[in-house]
Amino acid sequence: MYSTNGILFKLNHIDRIQRLRLLAIVPVFIVAVLNTGYQYLVSRALNNTTGTGDWRSRMIENFVGEGLEPDIFTALAAGLVHVFPVLMAALLTAGIWERVFAAGRGRQFDSGFIYLAVLFTFFMHPSVSLFHVVFGMSFGMVFARGIFGGEGRSFLSPVLVGVAVVQISFPAALTDHPIWNNIAGYSGTTSLMTYHQEGLSGLTWSGIEWWDAFVGITPGLMGTTSVAAAILGGAILVFARVASLRLVVGHIIGLVMASIVFNTVTGGIMDLPWYWHLVLGSFAFGVIFLATDPSSSCVTNSGRWTQGIIAGGLIVLLRVVNPSHPDGVIPVLLLVSMLSPLIDHIVIWFNIRQRALRHGG
Amino acid sequence: MAGKRWQTLVVPLIGDNPLTLQILGICSALAVTTSLDTALVMTIAVTCVLGMSGVSVSLLRKHLPRSIRIIVQITIIASLVIIVDLVLKAFFFEIGKRLSVFVGLIVTNCIVLGRAEGFAMRNGPLDSMLDGIGNGLGYGLVLMVVGAIRELLGHGSLFGMQILLPVSKGGGFEPLHLMLLPPSAFFIIACIIWFIRRKRPEQIEKPEFQVRLQTRGEQK
Chain D
1 MYSTNGILFK LNHIDRIQRL RLLAIVPVFI VAVLNTGYQY LVSRALNNTT
51 GTGDWRSRMI ENFVGEGLEP DIFTALAAGL VHVFPVLMAA LLTAGIWERV
101 FAAGRGRQFD SGFIYLAVLF TFFMHPSVSL FHVVFGMSFG MVFARGIFGG
151 EGRSFLSPVL VGVAVVQISF PAALTDHPIW NNIAGYSGTT SLMTYHQEGL
201 SGLTWSGIEW WDAFVGITPG LMGTTSVAAA ILGGAILVFA RVASLRLVVG
251 HIIGLVMASI VFNTVTGGIM DLPWYWHLVL GSFAFGVIFL ATDPSSSCVT
301 NSGRWTQGII AGGLIVLLRV VNPSHPDGVI PVLLLVSMLS PLIDHIVIWF
351 NIRQRALRHG G
Chain V
362 MAGKRWQTLV VPLIGDNPLT LQILGICSAL AVTTSLDTAL VMTIAVTCVL
412 GMSGVSVSLL RKHLPRSIRI IVQITIIASL VIIVDLVLKA FFFEIGKRLS
462 VFVGLIVTNC IVLGRAEGFA MRNGPLDSML DGIGNGLGYG LVLMVVGAIR
512 ELLGHGSLFG MQILLPVSKG GGFEPLHLML LPPSAFFIIA CIIWFIRRKR
562 PEQIEKPEFQ VRLQTRGEQK
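Sequence lines, in order, name chains D and V.
Just so it is clear: in the first sequence, position 234 is 234 by our numbering, and no numbers are missing.
Add 361 to a position in the second sequence, counting from 1, and you land on the number used in our numbering.
Bound conformation, chain D alone (with noise of 0.2 Å):
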């Protein structure tokens, strides 16, 4: 695979890596910075919330006028006006902590930065404050990056470092913001919140299908509705060896099993079936962009297994038990890369156990 000339397989190194991963997160951005228009047009429509102060909505007033027709041009300008400010500040954000890190240790600079802010900014929600941003960033890069040696060296993810502190730092920013009203803050999805409060029939009544939830046009974080641009993204990261399939297939064999089994106790969120589970939230996004990260996940093929079915078990468990948690992508991910180490070494213990007894050593 790799002598095959092209600019994606002909660098066996760390570059063709990021260059993958850049190409691999283009669909998300699209459908990101489309959806998330389209849903600060919808919210606005229905909250009749005209000059309400936000600045975000002044700079769309100021582009494209006040009358704003729900057509592709004003949702791509109201998905660039959201999309942008966030992006442009965690990517400052980043890349600013990257240089003080290279020049204080003597490292090289590092490029992996830019992949890492455009993943945070897809956990964000529209209407976040850009403080949050800068400060779960922030908080990223030095503790999950930083101070680890940077690429490739930290055993946590940054982007759910600094989501996970955005979350528990400011439990309740965003519950009463004049358009998005009844947002489920930062630690949830709004589609998951809302079945929480009010079941399928929930779903059904804001107009959510499982095709809108497949293609990602709910109400939710910026970038992490679609599971459509996700397995686009995902396609491209595992033909090309970056991504483990057995990581992503494992997170969905854990996910399908754990639904099933909660599926048998009636009652409340437990009936919620597994392929609504699977577009739901950000699973999909999380799994293919986040879990897959070779440097915090597990190494041998069936630790890489093992790690796949718990995170998807625990996702579901969390989602169904814990209602302050409609989500649980972020928690779990984190908890799971942080067992991966101990999941390896349990399976070469085991492959080192079961090859003397072979050999009678």
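Since the hints were derived computationally from the structure, they do not count as laboratory data.
Bear in mind the structure is a predicted one, so any value in this text is a computation, not a measurement.
Some hints here could point you the wrong way.
[To be verified] With the Cβ distance kept under 8 Å, some of the chain D side facing chain V (calculated, not the full set): (1) Leu46; (2) Trp55; (3) Val165; (4) Ser169; (5) Phe170; (6) Pro273.
Even for Gly, the Cβ is constructed at its ideal location relative to N, Cα and C.
Given the coordinates of chain D, assemble chain V onto it according to the supplied hints.
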């Protein structure tokens, strides 16, 4: 001789700090530093216990059979902790209630037993007392810094006085909920250790395992 005693007192403040160099007593440092006043009271309590236990253990050191020395040390420390707890309950009831179980848990604080076993068993009463007070103050110094950061960023206040006005009361300061949770103390203590070791590189331990350095130039 006076210079040496002065050294016994001041070296534990930064040079041989029990929290940042010996990494002892972390548990109570996470628990009592949500506000500055609890951190201050805890500092005073630990310093008193450390000083008095140093004197008592040092006085008894030549009469203690080796096999039961730890039991006797713990008995002495526990009696002192009970005295401190009773004093707090009698005169500072409110703050004692907020410190709750952590005053009683000074018994299990590794610093106290560590100084009794490591210093007081081998030195005279006066030296042991100075060493105990020095270690208590070193512990307290870190506690106060962590407590100040956590109270300022978590509540916007210091010693209960509002300094930064939070958004909910019309100010521009957004309280960090993270700072009110115990894990934040881990991060702050880690940053303090990072800062101290940057200023004093002699505190940096040798790595147990050296990763082979590979620059990106080699790979190409």
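To see whether the hints hold, each was checked on the structure:
1. Leu46: violated, 26 Å
2. Trp55: violated, 16 Å
3. Val165: holds, 6 Å
4. Ser169: holds, 4 Å
5. Phe170: This interface hint holds because 7 Å falls under the 8 Å limit.
6. Pro273: violated, 35 Å
Hint compliance for this structure: hints 1, 2 and 6 are not met, and every other hint is.
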